[in-house]
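My request is simple: use the sequences and hints to build the entire structure.
If you read the sequences in order, they're chains A and B. Each residue of the first sequence is one higher than the one before, counting from 5 in the numbering used here. Each residue of the second sequence is one higher than the one before, counting from 474 in the numbering used here.
Please note that the accuracy of each hint is not assured.
As the list claims (entries may be wrong) - Taking CB as the label site, the calculated pair distances span:
| # | chain 1 | residue 1 | chain 2 | residue 2 | range |
| --- | --- | --- | --- | --- | --- |
| 1 | B | G764 | A | P69 | 50 to 60 Å |
| 2 | B | K727 | A | P11 | 50 to 60 Å |
| 3 | B | W740 | A | S61 | 14 to 24 Å |
| 4 | A | V96 | B | D500 | 35 to 45 Å |
| 5 | A | R44 | B | M538 | 17 to 27 Å |
| 6 | B | V705 | A | D81 | 38 to 48 Å |
| 7 | A | K91 | B | K725 | 54 to 64 Å |
Since the hints were derived computationally from the structure, they do not count as laboratory data. Predicted, not measured: the structure shown is a model, and the values here were computed from it. Where is the CB? At the ideal position from N, CA and C, for every residue including glycine.
Next come the chains, spelled out residue by residue.
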Amino acid sequence: MSKSQLPVWEVFVQPKSGASFQHVGSLHAIDKEMALQNARDLYTRRLEGSCIWVVKSDHIISSKPDDQKSFFDPSDDKIYRYPSYFKVSKKVKDL
Amino acid sequence: MTDNYEKNFQKKIDSGKKIEPKDWMPDKYRLHLIRQISQHAHSEIIGMQPEGNWITRAPSLRAKMVLIAKVQDEAGHGLYLYSACESLGITRDELIDQLQTGKAKYSNIFNYPTLSWADIGVIGWLVDGAAIVNQQSLRGTSYGPYARAMVRICREESFHQRQGYEIMSKMSNGTKEQQQMAQDALNRWWWPSLMMFGPHDADSAHSSNAMKWKIKRETNDALRQIFLDRTVKQADLIGLTIPDPDLKWNEKTKHYDFGKIDWDEFWQVVEGNGFCNKERIANHIKAHKEGIWVKQAALAYAKKMEN
Numbered sequence: 005m006s007k008s009q010l011p012v013w014e015v016f017v018q019p020k021s022g023a024s025f026q027h028v029g030s031l032h033a034i035d036k037e038m039a040l041q042n043a044r045d046l047y048t049r050r051l052e053g054s055c056i057w058v059v060k061s062d063h064i065i066s067s068k069p070d071d072q073k074s075f076f077d078p079s080d081d082k083i084y085r086y087p088s089y090f091k092v093s094k095k096v097k098d099l
Numbered sequence: 474m475t476d477n478y479e480k481n482f483q484k485k486i487d488s489g490k491k492i493e494p495k496d497w498m499p500d501k502y503r504l505h506l507i508r509q510i511s512q513h514a515h516s517e518i519i520g521m522q523p524e525g526n527w528i529t530r531a532p533s534l535r536a537k538m539v540l541i542a543k544v545q546d547e548a549g550h551g552l553y554l555y556s557a558c559e560s561l562g563i564t565r566d567e568l569i570d571q572l573q574t575g576k577a578k579y580s581n582i583f584n585y586p587t588l589s590w591a592d593i594g595v596i597g598w599l600v601d602g603a604a605i606v607n608q609q610s611l612r613g614t615s616y617g618p619y620a621r622a623m624v625r626i627c628r629e630e631s632f633h634q635r636q637g638y639e640i641m642s643k644m645s646n647g648t649k650e651q652q653q654m655a656q657d658a659l660n661r662w663w664w665p666s667l668m669m670f671g672p673h674d675a676d677s678a679h680s681s682n683a684m685k686w687k688i689k690r691e692t693n694d695a696l697r698q699i700f701l702d703r704t705v706k707q708a709d710l711i712g713l714t715i716p717d718p719d720l721k722w723n724e725k726t727k728h729y730d731f732g733k734i735d736w737d738e739f740w741q742v743v744e745g746n747g748f749c750n751k752e753r754i755a756n757h758i759k760a761h762k763e764g765i766w767v768k769q770a771a772l773a774y775a776k777k778m779e780n
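The following block contains the structure:
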């Protein structure tokens, strides 16, 4: 008997309507329908979500943690992207 | 070269950062995690058997529905943990194979039989209670996927413990026979529950690196003491007696002192000589064999849809 392991899927749950989807874990399933149903049974037994995304694990492209420094380098030296960079008199309200 | 990697790795751990699947990690760290997480996952799955044993004989429809939901949770917990474990580069098939060939262990406690309905109460109260103490501590473990699985499991597990305590308190307030059943179950499960935390720190084979790498956050003995202090009071409240003549409040340490644990029994069961070792694994193999057609049918269907 062949030991055929089913493909791995990643599961994302939207906690409530309007919120961002969050990764909650993974599971095994043969197709998208089974993946969705398994995700529902496994990750939302207590109304944890209003919507679920599933995507095959090997379709996810990740940056490499080891390259974190160089990869994110361009965003490190532009402190003027933060509001605190700009000096404004305390008298100015609602800015 | 590796030295440098290892230094950076330890620095990251020391600063409280989590290690994620694609991060560099020492081989021994990876292996330790695979061993520990898979053992944890197997325990959830094998743990369904002693409880499943009572689903058809639950004393009321309510009790049956609650027990089914609980056993279903255990399956879910097993799957969260398998998926965390697989992120370390091992397949589910390999993990299942290790369990079925005896290479991987599961918690010893599930090699004891569930003889009466009170055993279901005591499992929820003590076995899940002990597991919660361990799992609460593991929310702070250094491997990200494991820590996240623990957060999720802890959230769900407290219903299990309350379910068990409710059974125990109903029975110990019930008829004489029910009281005796409750006390008998406590007598049989008390010591094995204390053993769940593993050998004393001085005799624990896996502790040293596990603490340095923050896989484990507290020692076996420290966790055992937390569990014990909590549980003694809970037993008092429902009029049950902990079967330990040496159990005594220690004013100095502010903890309960307790009697000697029979580690010979513990090792006997670990070695496979418990009441149910063979039955548990045989059932697991049988379930996989008898269920393989479902997988094959799903595969055949998926192939057909592709064409």
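Each hint tested on the structure:
no.	hint	result
1	B:G764 x A:P69: 50 to 60 Å	violated (38 Å)
2	B:K727 x A:P11: 50 to 60 Å	holds (53 Å)
3	B:W740 x A:S61: 14 to 24 Å	violated (40 Å)
4	A:V96 x B:D500: 35 to 45 Å	violated (58 Å)
5	A:R44 x B:M538: 17 to 27 Å	holds (19 Å)
6	B:V705 x A:D81: 38 to 48 Å	violated (59 Å)
7	A:K91 x B:K725: 54 to 64 Å	holds (59 Å)
In summary, the numbered hints that this structure violates are 1, 3, 4 and 6.
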